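Trainee: Order-wise, the sequence lines are chains A and B. Heads up, the first sequence is in the numbering used here, so the first residue is 3 and it goes up one at a time. Heads up, the second sequence is in the numbering used here, so the first residue is 1429 and it goes up one at a time.
Hints in this document: simulated from the structure, not taken from any laboratory. Be careful, since some hints might not be right.
Said to hold, decoys possible - Pairs of lysine-lysine residues, derived as BS3-like cross-links and limited to a Cα-Cα distance of at most 30 Å, are as follows:
id, chain 1, residue 1, chain 2, residue 2
1, A, Lys-147, B, Lys-2272
2, A, Lys-55, B, Lys-1437
3, A, Lys-89, B, Lys-1590
4, B, Lys-1597, B, Lys-1546
5, A, Lys-146, B, Lys-1546
6, A, Lys-253, B, Lys-1437
7, B, Lys-2229, B, Lys-2351
8, B, Lys-1833, B, Lys-1448
9, B, Lys-1621, B, Lys-1577
10, B, Lys-1590, B, Lys-1992
11, A, Lys-15, B, Lys-1448
12, A, Lys-54, A, Lys-89
13, B, Lys-2351, A, Lys-233
14, A, Lys-269, B, Lys-2351
15, B, Lys-1448, B, Lys-1516
16, B, Lys-2351, A, Lys-216
17, B, Lys-1993, B, Lys-1770
18, B, Lys-1889, B, Lys-1833
19, B, Lys-1992, B, Lys-1833
20, A, Lys-233, B, Lys-2355
21, B, Lys-1992, A, Lys-55
22, B, Lys-1714, B, Lys-1663
Claimed, not checked - To give an idea of the interface, some chain A residues facing chain B are shown, with a C-beta separation under 10 Å as derived from the structure:
id, residue
23, Phe-5
24, Lys-10
25, Leu-11
26, Leu-14
27, Val-17
28, Ser-96
29, Pro-97
30, Val-145
31, Pro-209
32, Ala-264
Note that the structure is a prediction, hence the values are computed from the model and not measured. By construction, the Cβ of each residue, glycine as well, lies at the ideal position given by its N, Cα and C atoms.
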Amino acid sequence: MRFLKIEKLSDLKTVREKVTFLAGGTDIYPLLSDGFLENEIFCDISGIENLKKISIGKKEIKIGALVTFSRIRQNSVLSHYAGALVKAAGEVGSPQIRNRATIGGNVATASPSGDSIPALFVLKARIKTNKRTIPVEDFFMGVKKTVLAKNEIITEIILPKNKMFSDFVKVGPRKALAISKVSVALAVKKKNNIAEEVLIAFGAVAPTVVRARKAEQFLTGKIFSKDNISKAAEIAKGEISPIDDFRSTGKYRRSVAGVLVARILEKAI
Amino acid sequence: MKIKFFLNKRKVELDVEPDKKVLYILKDLSVNSVRKGCDEEGKCGNCAILLDGKLVNSCMLIAPQIDGKNVTTVEGLSENGQLDGIQKAFIEAGVVQCGYCTPAQILAAKSLIDKVKKPTKEQIADAFEGVLCRCTGYKQIYNVFEILKGKSAKSFEKEYKKDYRVVGKLTPKIDAEQFVKADDAFVEDYVPKDALHLYILRSPHAHAEVVSIDTSEAEKMEGVEYILTHKNSPKVFYTQAGQSYPEPSPYDQQVISKKVRHIGDRVAAVAATSLEIAKAAAKKIKVKYKVLKPVFTIEDASREGAPIIHNRDTSIDPLQVGADPKRNIVCRNSGGIGDVGKGLKEADATVDGFYSTPFIQHTPLEPHTAYGYMKNGRLVIHTSVQTPFHVRRILAHILNLPENKIRIIKEKVGGGFGAKQDCGIEDIVGTIVYQSGKPVYYRMTRKEEFTVRTRPAMFMKIKAGAKKNGKITALSVETKADVGAYGPHALTVPMNGCSKTLPLFTCENMSYKVTSYYTNNVVSGAYQGYGVPQTNFAVQMTLGKLAKKLGMKYEDLILKNIVKKGYRLEILKQLGEGREGLAQKLSSCGLEECIKKGLKIYRTWRNKTSGANGEVVQGKGMAIMMQGSGIPGLDSANAVMKMISDGTFMLYIGGADLGTGEDTVAAKIAAEELGVSQDNIAVTSADTDTTPFDKGSYASSGTFFTGSAAYKAAKSMKERIIKATAKILGVKPSRVKIFPGGKVGTASRKLSFKELAMITQSGSGCGQLITSGAFTTQVSPIPYAAHFCQVSVNRRTGMVKVDKYYAVTDCGIPINPALARGQVYGAVLKTIGHTFYEALEFGKTGKCLNDNFTNYPIPGIKDVPEFFEVDFVEVKDPITPYVGKSIGELSCDGASACIGLAINDATGIWLDSWPFRPDRVLKELEKQKS
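Bound-form chain A, shown alone:
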């Protein structure tokens, strides 16, 4: 195991070997003691100051990759424009974890139960790296797999500055520190109680986040009636096929996913 450290983004050029980048480290450190990472080279980027900013522009919100979930959770501007993300940030681990864990790290780890990821899907985030900008939809390839190339790092998460209602709910065995059995993020833009745009994303039900596109389509242009909501929820849960494991059954995950969708939509009325 070796450790490198860079203090400036421009120093990335000096890194020749294939490295694993280290931000808050909350996903990495538990693995250290298991000896899984003995041959790994780590590059600590936690000192790069200009990746720690949240900037609110006219059209966009840029969240530096090293912004911690504690800061996202406490940011009052974000709660206007990115309710789902703020809510998801509050669901990450515990205060100790939120004080260290970063949004960039959560995205790069690409865990199926990564709390911020479904939120980023419905907020139409783009992931900016030192090389390119990628829509979040195209970023994840599978369990812990992303499109990031060798020594490419996430620098910013860019969100369009939309005043949309969005929310995030997760179901776990207990209230804090829970690994989710299923999570739902949802964003709604409406006019006169008619859905102009609906985005629904599920976490922890498949290797990567699943969008409920049929349900979104069904609801778009329709009135927010109880009937439409329950139909949309029914369609949404048909779009996932979660598996059984010791945490829960696939059947349960699917049925609770539908309930969560309905619950958030009801809030949006």
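Got chain A sorted already, so can you dock chain B onto it with the hints?
Mentor: Relative to chain A, chain B alone:
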């Protein structure tokens, strides 16, 4: 790499490996307060520090990340030996129990209070949600903030017994200060640098024979000092169970056996100069296994021709408890009173029920930890254990040594809950120390904790019948227990389930039958409640069904059938611990009072329907429970007391405080008896060399047994004081009295205890006043409780929330009100965890799938019910000094049934097996629909 940082304002410069975790950097700097409760998963939060004022886990930080920063730990809070306000408030609130997580909790409080002076309940819960605690139930943490606002504990904690000065009064736990300061307290704080580290190579197979084992490559490694395998392990059979001799548990275990019987069973142990070397060496041990067919269920274990797990000689079992190893039966017992068949015939309504509960783990935040060494030809072990004297006896048996060649010192125990009742690691640590002559340290990982001790899986068939008027005419319990690979407590856990449920009722026809089976699952044993939480759940759910059938309210059925003071519990004669038991006439019983007090509040709770489409429905439930206070006729406790030269006292007890406050109880009882304040009594406990014999801390015996021994020693001290004073004053002893505040003499002439001590210890005196108290008994006071709860069930998600919980307890007089309350909160919350989500899950090969805090969740502060109250009824009982009955185990016995009955009240469904996971709730709701 070189790093510089400030540790509690002091500059530290170090040259460390860049990947070194801050947890270990601080441990190397002798910072005790960073406690490791999980396998560095970031889940227990006990290793928290403040990094530039922010709460973070030190297991989730590496060296470069503290470079140039400020690190604060509780060691930095007290200045000039004076406690910080938060530390004081923790002690005053009574929220310090075992003390293992206390430093992290204090930092959580500090990180909050530094930002917000008067935090709300939500903010407090938010700040504490990442620090796991298994003892306290978190509830009294909220009181810490009340105290910080300037309130006194007396404004929210009641005191009991006007005529007492120490007992029933709010006094600090006598060892609390060392926990809030993180002074040396636990085994890990005392380990010398030269101790060898032990790594245990464990079996990957659930059932196999070790055909060959080659340690030659491992031995060659630099730093490897000793390797134990079945070849050089003692051949003696024993039980690890920490019970009084002769144990009702089978002698079915060796330190390392040639046969492995569960995944995680011991195959070899390597002692080396570092844990890394020991681990690396263990990897080089070549083991050839002959894999045998495993069995994981009672059905498979009892099938004709099933693989035999222990093909053993039962004649060495100290008590013959019905073992039939060829059929994988560990033990059997049955009995009863009256005629259940007749009782069922007489009944107007009968109910049959089948219930099951899974393997559960205790998860004390401090895992099993011990270090040992040889000193002057004697084996010394410092350990975190509940039964030091039993451990001494077991080790002497294994190593064929006289007991006086062994010394067991119990250090502070970071939670036990029964997991540490046994000689669980001292057998292997002691063997290696003795055989190698070298000092050895062993600390289990969280993962290992899940394989070495659990609560057995139990399957209970209950039959009950009653007349139209509600009189119960028959009640029977038939339990099958899957105790896993070995049999510690295999008989007594399921039997105790019967002996602490059937005697709740005046029913004349009762029977029980218990059978325990070996399987290749993890090893089980004692766990707080000891079979009662499971059996009481089954019994009360059955009675709930019976009440419905009769069209009665549950509480009316219960009130009609409960025992009262003076009732003779004939059934207890049948329910001994592997021998005949003792029938007992109830010397006190506050059960009816508990129920009636609770009902007053319970009846004001209204069930509401809420949520979209009325998806959330509420329901209410209650349950009654009992436990024992130690095992009469079987166990014993002793105490020694000395008056020292300034007239204060030393109290030596064998009892092993495991964080619950047993030392404090003993000190308070002695202080009350002698008319002095608690400060005047210093306690030394649980050291087999310096303190007298005590069975240890289990079976709810601490307050009654150890407390009574302290009482007897103090009473005898009182007599000695009076006699010695009479002699000095030249008067008759009958004229001498002890006065409060440490004075003794006649109305006209008094000596202070200091003067008395000076005179007695002088060259012309009678010698130091030393007394002892030996306690044995044929009866023990039974504690009772009634618990009440209200739950919300979400019919769409199957999720259940406990909205209200009210526990009313007859523990005699709460000797330590705040600590007694804390015992109840902790026990109830733990049981809420067991009820809803705690269960070990196994894969097809028998591998445990959730042996960590990431996948085995335990309740956190946010799982505390919004209304969570504890009350006591004061009860007189002539057989216990200062009327102390037990409380901790008792309080585990009711939550599951309470919740189960409340869910039924809300929805009509019956949940007959733990855990009540949402998917199961939903399944039952769906079944109900169709």
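Trainee: A separate judgement is required for each hint: does it hold in the structure or not?
Mentor: Results for each hint:
{"no.": "1", "hint": "A/Lys-147 / B/Lys-2272", "verdict": "holds (28 Å)"}
{"no.": "2", "hint": "A/Lys-55 / B/Lys-1437", "verdict": "holds (29 Å)"}
{"no.": "3", "hint": "A/Lys-89 / B/Lys-1590", "verdict": "violated (52 Å)"}
{"no.": "4", "hint": "B/Lys-1597 / B/Lys-1546", "verdict": "holds (28 Å)"}
{"no.": "5", "hint": "A/Lys-146 / B/Lys-1546", "verdict": "violated (42 Å)"}
{"no.": "6", "hint": "A/Lys-253 / B/Lys-1437", "verdict": "violated (55 Å)"}
{"no.": "7", "hint": "B/Lys-2229 / B/Lys-2351", "verdict": "holds (17 Å)"}
{"no.": "8", "hint": "B/Lys-1833 / B/Lys-1448", "verdict": "violated (40 Å)"}
{"no.": "9", "hint": "B/Lys-1621 / B/Lys-1577", "verdict": "violated (43 Å)"}
{"no.": "10", "hint": "B/Lys-1590 / B/Lys-1992", "verdict": "holds (26 Å)"}
{"no.": "11", "hint": "A/Lys-15 / B/Lys-1448", "verdict": "holds (26 Å)"}
{"no.": "12", "hint": "A/Lys-54 / A/Lys-89", "verdict": "holds (20 Å)"}
{"no.": "13", "hint": "B/Lys-2351 / A/Lys-233", "verdict": "holds (22 Å)"}
{"no.": "14", "hint": "A/Lys-269 / B/Lys-2351", "verdict": "holds (27 Å)"}
{"no.": "15", "hint": "B/Lys-1448 / B/Lys-1516", "verdict": "violated (34 Å)"}
{"no.": "16", "hint": "B/Lys-2351 / A/Lys-216", "verdict": "holds (27 Å)"}
{"no.": "17", "hint": "B/Lys-1993 / B/Lys-1770", "verdict": "holds (27 Å)"}
{"no.": "18", "hint": "B/Lys-1889 / B/Lys-1833", "verdict": "violated (48 Å)"}
{"no.": "19", "hint": "B/Lys-1992 / B/Lys-1833", "verdict": "violated (49 Å)"}
{"no.": "20", "hint": "A/Lys-233 / B/Lys-2355", "verdict": "holds (23 Å)"}
{"no.": "21", "hint": "B/Lys-1992 / A/Lys-55", "verdict": "violated (69 Å)"}
{"no.": "22", "hint": "B/Lys-1714 / B/Lys-1663", "verdict": "holds (22 Å)"}
{"no.": "23", "hint": "Phe-5", "verdict": "holds (4 Å)"}
{"no.": "24", "hint": "Lys-10", "verdict": "violated (16 Å)"}
{"no.": "25", "hint": "Leu-11", "verdict": "violated (18 Å)"}
{"no.": "26", "hint": "Leu-14", "verdict": "violated (17 Å)"}
{"no.": "27", "hint": "Val-17", "verdict": "violated (15 Å)"}
{"no.": "28", "hint": "Ser-96", "verdict": "holds (2 Å)"}
{"no.": "29", "hint": "Pro-97", "verdict": "holds (5 Å)"}
{"no.": "30", "hint": "Val-145", "verdict": "violated (16 Å)"}
{"no.": "31", "hint": "Pro-209", "verdict": "violated (19 Å)"}
{"no.": "32", "hint": "Ala-264", "verdict": "holds (7 Å)"}
Going through the hint list in order, the structure does not satisfy hints 3, 5, 6, 8, 9, 15, 18, 19, 21, 24, 25, 26, 27, 30 and 31.
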